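In the order they appear, the protein sequences are chains A and B. Heads up: the first sequence is residues 80 to 503, going by this note's numbering. Heads up: the second sequence is residues 80 to 503, going by this note's numbering.
Honestly, the hints are just simulated from the structure, not real lab data. A few of these clues could be false.
Note: identical chains are not told apart, hence a pair may lie in one copy or across any two.
[Unchecked claim] Pairs of lysine-lysine, DSSO-like flavour, derived with a Cα cap of 30 Å:
1) Lys-133 - Lys-215
2) Lys-475 - Lys-354
3) Lys-358 - Lys-374
4) Lys-353 - Lys-437
5) Lys-169 - Lys-358
6) Lys-356 - Lys-425
7) Lys-374 - Lys-189
8) Lys-263 - Lys-420
9) Lys-125 - Lys-211
10) Lys-144 - Lys-466
11) Lys-309 - Lys-255
12) Lys-85 - Lys-144
13) Lys-452 - Lys-354
14) Lys-472 - Lys-223
15) Lys-310 - Lys-223
16) Lys-447 - Lys-175
17) Lys-323 - Lys-356
18) Lys-85 - Lys-454
19) Lys-320 - Lys-425
20) Lys-211 - Lys-239
21) Lys-482 - Lys-134
22) Lys-223 - Lys-179
These figures come from a predicted structure and were not determined experimentally.
2 protein chains.
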Amino acid sequence: MKLKIKIAVIGVGYVGLPVAISLSKHFDVIAYDNNRVRITELTKGKDTNLDISKKDLSKKSNTIKFTYNFNEIKKCNFYIITLPTPVNNKNQPNLKNISKVNYNLSKILKRNDIVVYESTVYPGCTENRFVKELKKFTSFEYNKDFYVGYSPERINPGDKNKKIHNINKLVSASNKKALSIIKKVYELVVTDAKVITTKSIIVAESAKIIENTQRDLNIALINEFSLILKKLNVSRSEVLKAAKTKWNFLDFHPGLVGGHCIGVDPYYLAFIAKKIKIKPNLILSGRNLNENYYKTIIGSLINNASKKNIDLSKSNLLLCGLTFKSNTPDLRNSQTLKIYKKIMNKVGNIDLYDPIVKKDLIFNIYKKQSVNKLKKNTYDIIVITVKHKEFLKNKKLILSSLKPNRVIIDIPQLFNEKIYDATL
Amino acid sequence: MKLKIKIAVIGVGYVGLPVAISLSKHFDVIAYDNNRVRITELTKGKDTNLDISKKDLSKKSNTIKFTYNFNEIKKCNFYIITLPTPVNNKNQPNLKNISKVNYNLSKILKRNDIVVYESTVYPGCTENRFVKELKKFTSFEYNKDFYVGYSPERINPGDKNKKIHNINKLVSASNKKALSIIKKVYELVVTDAKVITTKSIIVAESAKIIENTQRDLNIALINEFSLILKKLNVSRSEVLKAAKTKWNFLDFHPGLVGGHCIGVDPYYLAFIAKKIKIKPNLILSGRNLNENYYKTIIGSLINNASKKNIDLSKSNLLLCGLTFKSNTPDLRNSQTLKIYKKIMNKVGNIDLYDPIVKKDLIFNIYKKQSVNKLKKNTYDIIVITVKHKEFLKNKKLILSSLKPNRVIIDIPQLFNEKIYDATL
């Protein structure tokens with residue numbers, strides 16, 4: 080590498096922060112985010128996403144600089160975009176965040192700059208959309224004056240074993256020169272796995288989207304199967320245990336699919352499919368099923384309350400865990416919000432409880448204050464949605480917050496089947 | 080086991096024959112089938128399914144007796160039903176074969192007899208339907224005078240490594256006494272894997288049906304994804320190679336799903352789902368996609384013929400391979416028949432070729448004589464559908480049967496990409 084590489088990581092969330100931290104051991108890194116609160120916290124060494132410890136954040140060897148001032152990244156020549164790519168309320172790609180950054184980058188692009196996208200997009204998006212946006216306010220020519228790369232993030236939030244350094248990383252670029260540079264940059268941080276090049280950007284985009292779509296669909300199948308078994312009154316766990324004895328059965332479990340990856344990415348694939356006149360029936364059928372699967376929880380809740388003569392309209396209910404996944408404070412696309420909205424008018428009172436999420440974030444989404452501590456003998460019904468370590472440590476406390484005649488809906492099986500009334 | 084067990088295997092096809100052969104090393108076994116041709120051939124030591132060698136069939140240690148006379152099995156006390164469970168033209172379960180046998184068994188049942196089903200059925204079928212049929216002409220009481228078991232076959236046709244002795248086998252029964260006997264019987268033949276009991280018959284029925292449904296759906300997803308990539312002009316093999324570098328990506332490939340298992344079983348699951356008022360949208364969406372995926376072949380054929388200025392209506396086409404899978408002579412539910420029907424009026428002449436299938440079986444299904452040998456310089460178009468060993472051995476011969484200007488549609492990639500014009 081002849082260039083002195085100065086890196087800007089744009090978007091310092093679940094994906095961007097670990098990337099920035101890793102790269103800062105080898106390069107000057109500026110980590111930009113327009114979220115001032117987030118940047119202020121990170122500057123103080125606090126990662127409210129709980130991915131990076133205070134110790135790691137403040138290690139002196141790191142030459143990372145956090146900023147919410149876009150101008151500060153002007154001096155960089157290697158930009159990594161790690162912004163979220165959610166869907167809008169019609170489940171279509173919402174790429175506003177990245178487009179805005181692209182326009183801003185267009186104003187500051189220098190000759191030979193490289194822009195790498197890590198965000199999940201539909202196949203073709205980088206070169207058909209992002210490159211056009213990057214060219215908007217510049218006279219630079221694509222692949223002559225500046226270069227683009229795509230390297231899909233494969234972060235697994237809450238997973239303490241799979242991290243950047245040991246996850247195989249795909250890299251692609253607009254030409255060989257850029258590909259070689261991008262590969263070398265990532266090879267410095269992916270130390271215990273491979274950096275694999277693909278022949279084109281669209282291959283890497285496609286690979287990422289099928290990975291998550293495959294997972295969504297497999298969970299959807301087990302969800303559909305579970306609905307059938309439930310109605311047939313057959314034990315799902317026994318059936319899956321039996322099926323697993325076949326050499327090629329895939330060990331999936333039913334689940335409430337939320338978050339910003341598996342529950343979103345298939346919509347991106349469906350979007351491009353529709354655009355080229357292919358009906359993505361299967362992909363959307365799985366997505367639709369998973370989007371509605373939370374309703375089984377509400378069915379269990381109503382049935383079990385009725386069995387125990389608990390009048391829902393007068394009951395006190397605890398929603399225990401509000402994130403989309405265990406051990407991550409990420410509230411995005413959590414199915415728990417849907418459960419909350421669906422039952423809020425049916426239930427006397429609902430208390431919200433999640434000790435690993437900042438209270439103001441909960442309030443922003445639920446428009447209701449969450450509780451700090453559990454009081455004894457308070458709730459008629461509890462819906463446990465995730466298996467945070469904090470819950471595992473405090474199982475007795477959670478149980479003691481319930482009245483003697485109570486319904487326990489235990490989605491993650493925090494307790495065993497003798498204790499809970501229903502699980503997913 | 081105090082009983083002297085005499086076994087009747089009813090249905091001596093892909094499933095029944097290996098079961099009968101294995102059991103005959105330990106028990107007196109009568110293998111019954113109403114197909115006289117099949118029984119006559121087996122008696123002569125010939126398995127046209129190519130599963131069992133002449134040597135194994137005629138080993139003297141085997142005490143197996145083949146018959147097409149139902150009366151001969153009267154003296155047995157342990158019946159194993161290995162009959163096919165296809166679907167009718169509305170894709171609903173066609174259980175006529177088994178029902179007929181059940182009625183016949185009902186007339187000859189003796190006290191303490193055990194009837195074990197290995198055929199794939201929908202959850203609940205054995206006890207809700209078969210048991211009733213078994214009781215039709217007898218005064219015996221279920222679970223007091225006779226017993227029932229269910230042990231799903233997990234045969235993988237054409238697979239030379241996975242055989243009865245090393246495939247984990249699920250067994251279930253109507254009560255503990257029968258379960259213990261059934262387990263012991265199968266343990267004598269499943270020597271290198273486990274015999275696993277399930278708590279009820281419906282658990283084993285459900286486990287079997289989800290296994291095959293899961294496979295069907297995963298292939299369907301890759302098929303849908305392939306349609307999208309094809310239209311985007313992106314190399315599927317490169318995308319799947321890239322996706323496989325993620326630790327949890329599942330290595331499925333596009334496929335024409337035929338045969339009597341994966342392409343049929345999901346309909347059984349859908350049947351019971353509808354019966355209990357659950358819409359099996361996802362399962363049927365996958366099935367529907369796979370049922371229609373052969374059309375992509377026809378699209379490739381038409382496009383490539385046009386590119387090479389071959390007039391389809393005057394062309395000579397070779398359909399090379401007619402079975403649903405490589406290295407098995409099984410023609411059932413082969414997608415090749417669908418291709419044939421769809422193109423027969425568009426193409427000048429179609430020759431059928433499959434050296435491992437009996438010619439009369441081909442004629443029964445295609446209503447056309449197949450060719451015995453390939454002539455040189457004869458065909459404008461070839462559609463290769465499977466990778467029989469016979470084809471691998473004769474690649475040159477196959478190529479030499481084609482004219483210099485030709486289209487090669489090579490579904491199983493018998494040749495490499497430099498040679499074929501299109502693959503699946």
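So, going through the hints one by one against the coordinates:
1. Lys-133 - Lys-215: neither (40 Å within a copy, 75 Å between copies)
2. Lys-475 - Lys-354: So Lys-475 and Lys-354 fail the 30 Å test inside a copy (53 Å) and across (43 Å) alike.
3. Lys-358 - Lys-374: both (27 Å within a copy, 15 Å between copies)
4. Lys-353 - Lys-437: Neither, since 39 Å and 45 Å both go past 30 Å.
5. Lys-169 - Lys-358: Both: 17 Å inside a chain and 24 Å across chains, each within 30 Å.
6. Lys-356 - Lys-425: Intra 43 Å, inter 26 Å, cutoff 30 Å: inter-copy only.
7. Lys-374 - Lys-189: neither (52 Å within a copy, 50 Å between copies)
8. Lys-263 - Lys-420: neither (48 Å within a copy, 54 Å between copies)
9. Lys-125 - Lys-211: Neither. Shortest intra-copy (37 Å) and inter-copy (68 Å) distances fail the 30 Å Cα cut-off.
10. Lys-144 - Lys-466: Answer is neither: 34 Å inside a copy and 59 Å across each miss the 30 Å cutoff.
11. Lys-309 - Lys-255: between (54 Å within a copy, 25 Å between copies)
12. Lys-85 - Lys-144: within (12 Å within a copy, 81 Å between copies)
13. Lys-452 - Lys-354: neither (50 Å within a copy, 47 Å between copies)
14. Lys-472 - Lys-223: For Lys-472 and Lys-223, the Cα distance exceeds 30 Å both inside one copy (57 Å) and across copies (51 Å).
15. Lys-310 - Lys-223: Classified as between; 29 Å across copies, 62 Å inside a copy.
16. Lys-447 - Lys-175: within (28 Å within a copy, 61 Å between copies)
17. Lys-323 - Lys-356: For Lys-323 and Lys-356, the Cα distance is within 30 Å only across copies (27 Å; inside one copy 38 Å).
18. Lys-85 - Lys-454: For Lys-85 and Lys-454, the Cα distance exceeds 30 Å both inside one copy (52 Å) and across copies (67 Å).
19. Lys-320 - Lys-425: For Lys-320 and Lys-425, neither the intra-copy (36 Å) nor the inter-copy (50 Å) Cα distance is at most 30 Å.
20. Lys-211 - Lys-239: neither (38 Å within a copy, 55 Å between copies)
21. Lys-482 - Lys-134: neither (42 Å within a copy, 72 Å between copies)
22. Lys-223 - Lys-179: within (23 Å within a copy, 75 Å between copies)
Of the numbered hints stated above, those contradicted by the structure are hints 1, 2, 4, 7, 8, 9, 10, 13, 14, 18, 19, 20, 21, listed in ascending order.
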